[in-house]
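Student: What follows is the residue order along each chain.
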Amino acid sequence: MTTPVLEVSGLSRFFGGLPAVRDVSMRVPAGERRLLLGPNGAGKTTFFNLIAGDYPPSQGEIRIFGQNVTRKSANQRTHLGMARTYQIITLFPKNTLLHNVVISLVGLRKLRFDPWSDLRRQTSLWDEARATLALVGLDHLAERTVMETSYGERRRLEIAMALAQKPKLLLLDEPLAGLSADERQDVQRLLQSIPRDVTIVMIEHDMDVALAFADVITVMQHGKVVVEGSRADVVADPKTREVYLGH
Amino acid sequence: MRTPAFWLTGLIGLAALLALPWLVSSEYYINIASQIVIAAILALSLNLLIGFGGMISLGHAAYLGVSAYLVIYLTAHAGFGHLAGALIAIGATTGLAMLFGYLALRASGLGFLMITLALGQILWGVAYRWASLTGGDNGLGGMKRPHPFGLDLMHPTIFYYFVLVFLGLALWCIARFIQSALGQSLQGTRDQPRRMRALGYNVWLIQWMSFVFAGFWGAVAGLLYAYYHQFVSPQALHLTTSAEALLMVIAGGTGTLFGPVVGAALVVILKNVVSAYITRWLILLGVIFVAIVLFMPEGLVPGLTRWVRSLRGRSLKEKKTTVVSAITKDRVL
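Respectively, the protein sequence lines represent chains D and G.
Counting from 1, position 110 in the first sequence corresponds to residue 110 in the numbering used here; the numbering is continuous, with no gaps.
Counting from 1, position 305 in the second sequence corresponds to residue 305 in the numbering used here; the numbering is continuous, with no gaps.
If you are wondering where the hints come from, they were derived from the structure by calculation, not from laboratory data.
Backbone N, C-alpha and C define an ideal beta-carbon position, used for all residues, glycine too.
Please note: incorrect hints may appear among the correct ones.
[Unchecked claim] Listed below are several chain D residues computed to face chain G (Cβ distance under 7 Å; list not exhaustive): (1) A74; (2) R84; (3) T90; (4) V106.
[What the hints assert, rightly or not] Among the chain D residues that face chain G by a calculated CB cut under 10 Å, a handful are: (5) Q76; (6) M82; (7) S104; (8) L105; (9) Q122; (10) M161; (11) A162.
In isolation and in its complexed conformation, chain G is listed as follows:
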């Protein structure tokens, strides 16, 4: 049951996201906001696996990178239109998720983590070494942003709203998925896989379907990543990109809808904004993560919710004590 406080927070958050281009005057910060939104979509898709499925993946950058490479190659080098390029990139990357899911789900726990890591690194190696196709270390560029419905996506504010629409769609679809029978089954397989099998669920199939769904949203994030940077290099496929997405999910709160969005904001701001002021920003990132793990092991969103609840509970208790002592005093007098 959602409380009024939840809806109020949601409304304030939505208003802040919509008003952001007016709140920050600089184009630089609007672009940072676009990066946060794209990272949030990637983190949301990874959270489906980690938070709701209990499958820790270290190869999620594969979908971001492959989708970005495909759309840039198809539109800038193979003569495809933007719509066809986007659809093929998302379709092919989702197909890749089907294959990777089939391979990775042969194991669970650490085995699953290692297979996803290996598959991601294979793709990174291919992108790095197959220079004639991918541009190797120099990456692949030459792409122009599309003009959907006559919108000029080169304008930072318009591009921000464009990616925000995708974030809204991702949140809506993932929220529906989580509340659906399949989403609930996925959470069941995370908590009690043996029991789920005994209840008639095909645990492997549920996990695979969720893996593919997560891959689809990873591909969408990759498409937006390609539109934003108009360039892609092997870095997009690298382990560090997967690890960053993992940190976003853990920092924001696994198994929550908005946790990955907050985590994405934290990591992108630290990486892009704070790094401009502090040379050793990675140390700061490390310190912040240690603090989160120590004080809010469940992540920022559930941790802050817990703090607010305990503060409210304490203030209610104090209020109650004051009223009781006033009544007692009144009676005594």
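Chain D with its partners taken away, still in its complex shape:
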């Protein structure tokens, strides 16, 4: 049996007395498209933050590429080959799109500790950033600051910054949230173009889009996994309807 890319066992997180994630276990093999579904407050983003290392778990264990990362910091996990996007766009608004991607590229290189060499003169890095922007169709806006771009373009930039790091595990937190119909199609096409050697775990509310994208779906409610299985299994499961419709 091959080592799963992501393995979570008995993961819990309490904020004071409030359980945000309760005893969640999950196994995501290489290349899988895993979807996390659930109403607001189900604990999906907290679960993401636990995997990414933003919060330490109260209980449980997280393994990435077979390595126990439960006590590792967020930046150490990134160096193992994990990248993520945020539900609330988190970019450098005064910088150009190109600069944002360059910062993403530098994050995995030793260059990040260089206090002397002028970053502007690292031409190979800027070329690579430009190529990454072209991948998400933003190369024509490369020199614009983030402040001068639309919401949809920012969402694509978020994905570009994650892809720039050539991750093996990609966590996407509502990549389609707040987008217009056209923008959604663009981002959807972009997500479908990501090669299969990248394992994707995604949170998304749009059922149609999500179901078309996912191999396996995990439905969460009140911090717990309620249903897990293939698209057909999850759609057919009465608990899914209960979670979404309340009956």
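Assemble chain G onto chain D, guided by the hints.
Tutor: Just chain G now, with coordinates in the frame of chain D:
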């Protein structure tokens, strides 16, 4: 992208700094200029933390004071030569910055501010109470200025150029640092620390390295401070010295290269020159700061740049309107 106006302003500024001893005849004013330059180096180092790192420190006088105490003690009381004394003072003070950075960066925001304040005040207390070593309230003196390369630093003009070289070095090194990957990472940690962590950056380490770099330049300022005054007292370590450096940075413009230099000039001139004419000069200082905060909240350098740009934009607009109305008039006629 730097505009021609930027280079022109820079050139005029540089020429004015170089010609200053000829522009002001009195030795008194040349000495004031030397004080401004030393204060500017301290403010530049603090600006690395505040402006580029988002770490507001109220203990930056620690590096100025410790470096000054060390160099005076080593050269005037322990028999060390000037070069050895200077190198040990800078090295040991940078080491102290490593320790203080390690302690202070356990917190962020207000917590960081309070830890730096506490560490600075501990050092002030030590300098004040450990009289057998530091001279207590009477301070430590007896130092003579060195004669590097045969230069007589007792001469005000030569001393001014001597400290000016250090200011030039500080500006150059800090400008390079800001444009480097580490400097850019520091600015990233200021704006989006969480995102930086997710991108693989060790935010703590970046901030600590920058803290130490700032401490190094604080130590250089302390060395020059000791050379200038040939004396140091607990006042150099006191909260008011840290607060003055903070005011210089805020008044000149945080996160800009030349803002702290302008801020240092403002504070030193008010403190030394204006105070000779106005007894309650602190009130004037307060009024000026309130005015800066009200009219140029981003500081003098970025604020003036904004004003000049808006004036130029307005005059261009007026010129355009005049041309358009002349053409329209011409057509009508």
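Student: All hints, please: hold or fail.
Tutor: Checked hints:
Annotation: interface hint on A74(D) holds; nearest CB of chain G at approximately 4 Å, less than 7 Å. Because the closest C-beta pair between R84(D) and chain G is about 6 Å apart, less than 7 Å, the hint holds. At about 4 Å, the closest approach between the beta carbon of T90(D) and any beta carbon in chain G falls short of 7 Å, and the interface hint on this residue holds. Interface hint at V106(D): satisfied, since its Cβ lies 5 Å from the closest Cβ of chain G, which is below the 7 Å cut-off.
For Q76(D), the interface hint holds, since its Cβ comes within 10 Å of a Cβ in chain G; the closest pair sits about 8 Å apart. Checking M82(D) against chain G: minimum C-beta separation of about 9 Å stays under 10 Å; hint holds. For S104(D), the shortest C-beta to C-beta distance to chain G is roughly 5 Å, which falls under 10 Å, so the interface hint holds. With a cut of 10 Å, the hint placing L105(D) at the interface with chain G holds, because the nearest CB-to-CB distance is about 9 Å.
Nearest Cβ of chain G to the Cβ of Q122(D): about 8 Å, under the 10 Å cut. The hint holds. Given hint, M161(D) at the interface with chain G, holds; its Cβ is 7 Å from that chain's nearest Cβ, closer than 10 Å. For A162(D), the interface hint holds, since its Cβ comes within 10 Å of a Cβ in chain G; the closest pair sits about 9 Å apart.
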